[in-house]
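J.: Construct the complete structure from the given sequences, taking the supplied hints into account.
Just so you know, the protein sequences line up as chains A and B, in that order.
Per my numbering, the first sequence starts with residue 1, numbered consecutively.
Per my numbering, the second sequence starts with residue 1, numbered consecutively.
Don't read these hints as lab results, they were simulated from the structure.
Check before you lean on any hint, since a few could be wrong.
As the list claims (entries may be wrong) - Here are the computed lysine to aspartate or glutamate pairs in the DMTMM-like style, where the Cα-Cα straight-line distance is at most 25 Å:
(1) 455(B) with 191(A)
(2) 147(B) with 380(B)
(3) 447(A) with 541(B)
(4) 132(A) with 120(A)
(5) 349(A) with 541(B)
(6) 567(A) with 509(B)
(7) 429(A) with 191(A)
(8) 447(A) with 192(B)
(9) 349(A) with 73(B)
(10) 424(B) with 410(B)
(11) 349(A) with 549(B)
(12) 349(B) with 73(A)
Claimed, not checked - Just so you have them, the derived chain B footprint on chain A, three or more residues with Cβ under 8 Å:
(13) 347 to 359
(14) 442 to 448
(15) 526 to 535
Computed from a predicted structure; not experimentally measured.
Glycine included, C-beta positions come from ideal geometry on N, C-alpha and C.
Spelled out from the first residue to the last, the chains are:
There are 2 protein chains.
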Amino acid sequence: MNIQVTPQAATEQPHEPNVELPLADARKAVAAEHGRIPTGPRAGGVKVYVAGELFPDIRVPFREVAVHPSANEPPVTMYDSSGPYTDPTVTIDIKKGLPRVKSSWQLDRGDIAPVLNPREVKPEDNGHASGKHLAPRFDVSNHQVFKGVEGRPVTQYEYAQAGIITPEMEYVAIRENLRREQNAPCIRDGEDFGASIPDFVTPEFVRQEIARGRAIIPHNINHPEVEPMIIGRNFLVKINANIGNSAVLSSVDDEVDKLVWATRWGADNVMDLSTGRNIHNIRDWIIRNSSVPIGTVPIYQALEKVNGIAEDLTWEVFRDTLIEQAEQGVDYFTIHAGVRLPFVPMTAKRVTGIVSRGGSIMAKWCLAHHKESFLYEHFEDICDIMRAYDVSFSLGDGLRPGSIADANDEAQFAELRTLGELTKIAWAKGCQVMIEGPGHVPMHKIKANMDEQLKHCHEAPFYTLGPLTTDIAPGYDHITSAIGAAMIGWFGTAMLCYVTPKEHLGLPDRQDVKDGVITYKIAAHAADLAKGHPAARMHDDALSRARFEFRWEDQFNLGLDPETARKYHDETLPKEAHKTAHFCSMCGPKFCSMKISQDIRDAARGQNDAGGSLAAQDAEAGMAEMSAKFRAGGQIYLTADKDPVSAT
Amino acid sequence: MNIQVTPQAATEQPHEPNVELPLADARKAVAAEHGRIPTGPRAGGVKVYVAGELFPDIRVPFREVAVHPSANEPPVTMYDSSGPYTDPTVTIDIKKGLPRVKSSWQLDRGDIAPVLNPREVKPEDNGHASGKHLAPRFDVSNHQVFKGVEGRPVTQYEYAQAGIITPEMEYVAIRENLRREQNAPCIRDGEDFGASIPDFVTPEFVRQEIARGRAIIPHNINHPEVEPMIIGRNFLVKINANIGNSAVLSSVDDEVDKLVWATRWGADNVMDLSTGRNIHNIRDWIIRNSSVPIGTVPIYQALEKVNGIAEDLTWEVFRDTLIEQAEQGVDYFTIHAGVRLPFVPMTAKRVTGIVSRGGSIMAKWCLAHHKESFLYEHFEDICDIMRAYDVSFSLGDGLRPGSIADANDEAQFAELRTLGELTKIAWAKGCQVMIEGPGHVPMHKIKANMDEQLKHCHEAPFYTLGPLTTDIAPGYDHITSAIGAAMIGWFGTAMLCYVTPKEHLGLPDRQDVKDGVITYKIAAHAADLAKGHPAARMHDDALSRARFEFRWEDQFNLGLDPETARKYHDETLPKEAHKTAHFCSMCGPKFCSMKISQDIRDAARGQNDAGGSLAAQDAEAGMAEMSAKFRAGGQIYLTADKDPVSAT
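T.: Structure representation (structure tokens):
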């Protein structure tokens with residue numbers, strides 16, 4: 001166990017004399033790749049903040065990428081999930097944790113109050129680890145535990161239902177608009193399958209969506225370090241990255257590093273799926289250093305407390321674990337309450353049985369006791385606990401398919417319907433809810449998953465793992481699943497849980513986490529584009545214009561991974577001059593199609609442009625003459641049908 | 001220029017003492033990664049051949065992967081595009097080229113005859129390279145040039161129309177069935193959007209599909225080294241890999257190496273997109289050493305012959321280039337005859353203009369001369385030349401969109417309709433035809449591409465580049481495009497042209513080629529699965545069973561890339577014993593959901609199994625009792641609706 005907590009490590013860049021890169025920003029980022037907690041701005045962009053109007057102390061972060069002055073274009077504003085780590089004005093010290101974003105208004109209004117006797121850490125919380133095996137505790141003396149006051153609203157759902165716009169709601173409204181103006185023209189070109197994406201997101205729209213249960217802001221009152229974000233079908237598609245140690249591998253510093261690394265590249269949420277010992281202490285380090293919502297699967301820790309014997313699980317142990325984690329500040333819990341006793345036999349003939357850890361634990365418990373799941377039986381009690389801290393539900397799909405063969409089967413959909421019933425109960429209790437989905441699904445069965453979810457779960461946000469569209473490529477399941485993720489995101493899934501190249505094979509390392517995050521940013525953005533989200537296209541268009549105009553630096557900086565794009569370019573054409581050359585390495589100077597296209601455009605402009613070359617003017621004049629002739633004949637100026645799907 | 005042509009390099013493995021790998025096969029493959037022409041069997045499988053029935057001298061290759069005896073399952077047969085390079089009994093000598101697969105039956109029957117005065121190589125064919133700048137010539141003294149005899153059929157289309165089943169047709173029929181028995185049960189679970197995929201492919205079915213123009217066997221009579229393959233909507237989806245040097249980079253040995261490397265991992269076709277000097281000599285090396293069809297874009301070489309000045313292109317130079325390449329043995333030509341003069345102005349307002357090299361060359365020619373394209377004007381002459389060698393058309397999409405913003409626009413669809421007109425002309429001339437497609441298309445506009453192509457191009461096979469579903473991820477366009485490729489393959493595209501991570505940034509190296517090929521094998525297979533191709537699912541199911549039963553070695557070997565899967569696994573759990581362990585590194589021994597599922601299955605079996613544990617029997621008895629109760633109540637044994645799309 002080796003924790004990087006020296007102030008130097010956290011606030012300064014390690015010196016890497018062998019790394020030569022053109023930009024200071026890129027150098028910092030790459031240096032970060034070599035270990036330690038990655039801090040400093042991302043290449044090519046600067047961090048900017050937008051203040052709230054209703055709540056002026058809100059500061060919503062964005063990454064702004066300026067393009068070359070020759071383009072005469074405004075900078076591009078990008079969603080920024082990276083937190084204070086990329087703000088050069090913030091001093092990072094992971095021993096102290098992040099600054100608190102959340103205002104004290106809930107406290108001022110008497111909606112929440114400090115818990116006078118918070119739960120003490122028990123030896124079993126860390127698997128009885130002791131001595132050198134015990135991970136150091138995060139110093140929580142500064143972490144006061146809060147709870148909702150009886151009779152007062154505490155969850156975002158309750159505020160929304162009561163017609164109250166919270167600071168969190170304004171925060172996410174600003175965040176979703178990416179600094180677009182409310183009255184600016186926007187491109188609405190897409191097929192949204194019945195979603196209701198507005199041209200511009202207002203705080204009131206956010207409130208309405210949360211009140212209808214169609215969106216959630218996962219945000220435990222005990223996690224004030226969070227920069228609020230929203231998950232819902234009518235907002236930008238989000239992605240989740242899983243981290244966590246296991247009984248076999250990993251340690252505290254690795255997990256904090258992966259957390260920061262994942263959010264640096266764009267993870268909107270992180271789930272801590274740790275098992276084994278030290279689970280409590282590691283979680284403190286993660287939550288106190290996370291600016292994104294943290295999710296967990298409490299049954300994992302509950303099982304550790306009963307020494308891994310599923311049959312020994314009890315409601316009491318589980319309840320204690322919920323309170324433990326809620327007080328720490330976990331923002332959402334995966335609860336596998338849909339794995340009911342009668343559904344278990346439906347999995348017996350599957351090719352891959354039950355592949356969800358939580359699902360299999362509960363199935364074993366049900367079988368061993370001949371009883372209905374205690375999660376199902378105590379669901380209202382669970383709601384009461386979670387509501388008191390505004391921990392959101394992520395209703396787990398414990399019976400999701402683990403192979404193409406098992407997709408969309410009886411067990412899976414029986415559970416989904418149960419999750420729909422539970423959603424109504426949770427809402428009635430005032431809780432925020434999202435629904436987990438598969439898994440492994442061939443392309444032709446993906447849409448049915450979304451349709452069934454919308455039908456049975458009352459439009460609560462869907463949160464899927466992939467799905468993987470084939471089983472034949474271990475080592476490449478980030479790709480097999482990105483295909484399914486992009487599609488189900490398009491159909492309406494609100495958050496996509498990433499899959500890394502190590503899926504099915506091992507625990508992801510740093511590179512795997514980055515590959516998984518970038519791959520899922522692609523899937524989420526492809527989905528936003530296809531849905532016709534009005535904030536999506538401007539990013540693609542800005543990059544495409546940079547590409548067409550050979551603004552190489554802009555093309556790198558506007559991409560999801562500037563460092564990698566630059567590296568690939570430089571492998572073929574390393575010279576600095578080539579970054580302004582009007583050709584690229586694929587064609588060379590003579591063959592460049594982009595260059596020829598520019599000639600064509602120049603020619604087309606020639607007629608109206610005194611500066612046009614004679615040849616271009618000739619060409620244009622000839623074109624015009626021929627054009628007139630063709631039009632008269634009515635044959636050659638074909639007008640292609642408009643794309644029936646497109647609204648343009 | 002450094003060509004690896006020593007017999008040692010070609011036929012023996014370079015010694016790599018520092019590489020330690022568990023299997024001899026894997027060692028060979030990885031050694032191959034370090035350079036030289038990669039030979040030797042792929043990890044985990046053996047090469048097998050199936051003889052023809054109509055034509056007994058046909059030997060159709062497959063890769064057979066045996067699974068662990070405990071599984072009690074037959075070996076899995078996989079499509080094998082790797083050619084003789086993976087056959088340990090074949091001696092590879094790239095100076096001599098590959099053995100000839102094709103029988104002499106066309107010659108025996110008088111359908112083809114040697115060309116008495118084949119075209120001589122001219123200095124301009126290699127860009128006037130000389131001395132040390134001239135790439136060595138392949139010794140073609142053994143390559144006799146053939147041509148169709150006047151009045152006799154020569155193309156597969158003509159034979160098919162005449163009701164004749166050729167050896168090529170039987171070859172591909174055997175190949176498509178993957179050693180399934182004609183009367184074996186098959187899984188037909190998919191949505192094929194009106195395709196007509198049979199349960200079992202017969203030579204007669206192949207003939208019918210070719211006669212209808214719905215499929216092609218690209219196969220120049222001067223490329224007898226080819227192992228025939230078929231491209232059509234009712235067959236397995238194929239993939240193409242692009243290689244080729246440019247004016248900036250690359251050399252002969254790199255290109256032959258990339259060819260063999262690409263086919264080793266599964267490329268079904270390879271396009272040689274070389275530009276610059278030595279283009280003729282490099283092509284000889286590629287064709288004589290290729291067991292897959294080779295495509296080119298002849299306008300690239302024609303432009304070299306006029307020193308890169310598009311305006312100086314003439315029909316005569318182009319015609320000469322077609323004959324040059326047809327005699328060498330190129331199997332298909334991309335011909336951009338759909339870039340017509342009146343369509344060029346439609347591109348002027350695009351964000352990214354014309355991005356096809358061939359398209360932009362022709363557009364520039366049209367503008368400069370104020371004339372209709374000579375490719376369009378001479379289309380029938382082109383057909384006559386190509387027919388005489390059975391060179392297939394790949395009708396180029398010179399006006400394909402180069403950005404999300406330009407997708408499905410007027411220019412693109414105007415060209416597509418023209419390609420449909422040209423298809424009919426080519427068929428009337430006896431030629432085989434496929435149609436190229438985009439490009440950059442957001443998900444919601446992909447289906448319209450397939451629909452328009454089917455409508456206007458009379459079901460000629462569609463061959464698309466990606467499409468990329470977003471423009472924001474330079475460095476990851478294999479992934480942005482795999483999403484679109486999988487979808488359009490599902491909708492009916494017959495062949496997918498790969499995109500590598502270097503797209504838009506530089507020329508692909510070895511690792512990029514492999515990444516591109518594996519990514520596109522995933523897309524093609526996901527498409528086959530979703531279409532319900534009866535040969536697709538058995539591969540996924542075999543791998544899923546291996547996964548569920550912790551047969552790690554089988555899981556590696558059945559995957560698309562056994563070496564990478566093994567490496568990823570070993571990074572977490574390197575010990576040999578862990579390859580038989582009933583858990584994996586993600587959960588560790590106590591948490592394993594697969595293991596718990598097996599317990600559940602055992603419990604479910606308990607009642608009928610004398611060997612079942614008492615606990616399991618108890619569980620089962622209790623389950624049965626509860627089950628009966630639930631059924632009586634009619635409430636809890638929910639039956640989920642069948643997936644409306646699925647046929648299962």
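J.: Could you tell me which of the numbered hints above are not met by this structure, giving the numbers in increasing order?
T.: 7
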